[in-house]
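Colleague: For reference, the chains in residue letters:
2 protein chains.
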Amino acid sequence: MSLANTPEPPYYSVIFSSVKNVESKEYDEMSNKMVELVKLQPGFLGFESAKDEIGITVSYWESLEAIQEWYKNIEHKEAQNMGKEHWYQSYNVRVAKVERAYSFNR
Amino acid sequence: MSLANTPEPPYYSVIFSSVKNVESKEYDEMSNKMVELVKLQPGFLGFESAKDEIGITVSYWESLEAIQEWYKNIEHKEAQNMGKEHWYQSYNVRVAKVERAYSFNR
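Heads up: the sequence lines are chains A and B, in that order. Just so we're aligned, residue 170 is where the first sequence starts under our numbering, counting upward by one. Just so we're aligned, residue 170 is where the second sequence starts under our numbering, counting upward by one.
Simulated from the structure, these hints should not be mistaken for laboratory data. Virtual Cβ for every residue (Gly too), placed ideally from N, Cα, C. Hints may be right or wrong, so weigh each one.
Calculated cross-link-like contacts (lysine to aspartate or glutamate; reagent style EDC-like; alpha-carbon spacing at most 20 Å) [as the list claims (entries may be wrong)]: (1) B:K220 x A:E238; (2) B:K189 x A:E231; (3) B:K266 x A:E177; (4) B:K220 x A:E222; (5) A:K220 x B:E222; (6) A:K208 x A:E238.
Each pair of labels, with its calculated beta carbon distance range [claimed, not checked]: (7) B:E231 x A:K194: 38 to 44 Å; (8) B:N250 x A:S193: 41 to 47 Å; (9) B:S171 x A:E195: 23 to 29 Å; (10) B:K202 x A:E234: 40 to 46 Å; (11) B:S171 x A:S200: 20 to 26 Å.
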């Protein structure tokens with residue numbers, strides 16, 4: 170995992186923070202599959218992800234419409250349902266418009 | 170670390186994603202100090218943080234003005250300078266307006 174290179178704002182972000190209910194091989198497989206799938210979505214700009222006690226994944230998007238299309242993706246829907254039924258204890262999803270951004274590189 | 174309870178949108182978020190240059194006790198001490206300090210800032214709503222290969226900390230704020238005040242805080246400025254001089258290989262800061270949010274709790 171490295172940092173995402175995103176274009177100049179404005180663009181959109183989805184901040185997904187979660188606490189797991191159980192760890193499972195099925196989750197890891199589904200998670201890897203979603204990463205491959207999301208890269209094919211129109212308007213997807215990249216993502217950043219880290220996990221310790223909680224997990225945080227922030228994905229970046231050209232527009233709200235692009236986010237909506239991804240949430241309607243049938244395989245993604247399936248993953249969301251599995252998440253609620255089995256994997257997550259709790260989560261927050263926040264859709265936020267990136268208005269300013271800056272980077273530092275050594 | 171648990172998930173942040175935030176009010177109904179709109180509110181603001183600062184998405185800080187980073188790659189460390191070195192690990193150090195000084196960093197951990199400064200980080201703990203910043204957590205204590207930020208909780209005293211007017212308009213601070215909470216934060217979520219996770220770290221593995223990269224670190225992601227998302228803080229939540231009532232307004233852009235509240236974020237600006239925190240960035241001007243003298244001890245926070247000092248921490249930012251130390252971060253650039255010593256601790257970080259690279260980072261992204263993105264300021265984003267949360268427009269929609271929903272939660273799941275088992």
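Colleague: Straight-line Cα separation of K220 (chain A) and E222 (chain B) no greater than 20 Å?
Modeller: 9 Å, holds
Colleague: Tell me if the beta carbons of S171 (chain B) and E195 (chain A) are separated by a distance inside 23 to 29 Å.
Modeller: Hint holds: Cβ distance 25 Å, inside 23 to 29 Å.
Colleague: Are the Cα positions of K220 (chain B) and E238 (chain A) separated by 20 Å at most?
Modeller: 29 Å, violated
Colleague: For N250 (chain B) and S193 (chain A), compare the CB-CB distance with the range 41 to 47 Å and indicate the outcome.
Modeller: At roughly 43 Å between Cβ atoms, S193 (chain A) and N250 (chain B) fall inside 41 to 47 Å, so the hint holds.
Colleague: Quick one, are K220 (chain B) and E222 (chain A) close enough, alpha carbons at most 20 Å?
Modeller: 9 Å, holds
Colleague: Keeping to a limit of 20 Å between CA atoms, is the pair of K266 (chain B) and E177 (chain A) held or broken?
Modeller: 16 Å, holds
Colleague: Can you tell me whether the CB distance of S171 (chain B) to S200 (chain A) sits inside 20 to 26 Å?
Modeller: 21 Å, holds
Colleague: Does the Cβ pair E231 (chain B), K194 (chain A) satisfy 38 to 44 Å?
Modeller: For K194 (chain A) against E231 (chain B), whose Cβ atoms are near 42 Å apart, the range 38 to 44 Å holds.
Colleague: Does 40 to 46 Å hold as the CB distance between K202 (chain B) and E234 (chain A), or does it fail?
Modeller: 42 Å, holds
Colleague: Can the restraint linking K189 (chain B) and E231 (chain A) be considered satisfied, given a maximum Cα separation of 20 Å?
Modeller: 28 Å, violated
Colleague: For K208 (chain A) and E238 (chain A), compute the direct alpha-carbon distance and say whether it is at most 20 Å.
Modeller: 13 Å, holds
Of the numbered hints listed earlier, those contradicted by the structure are 1 and 2.
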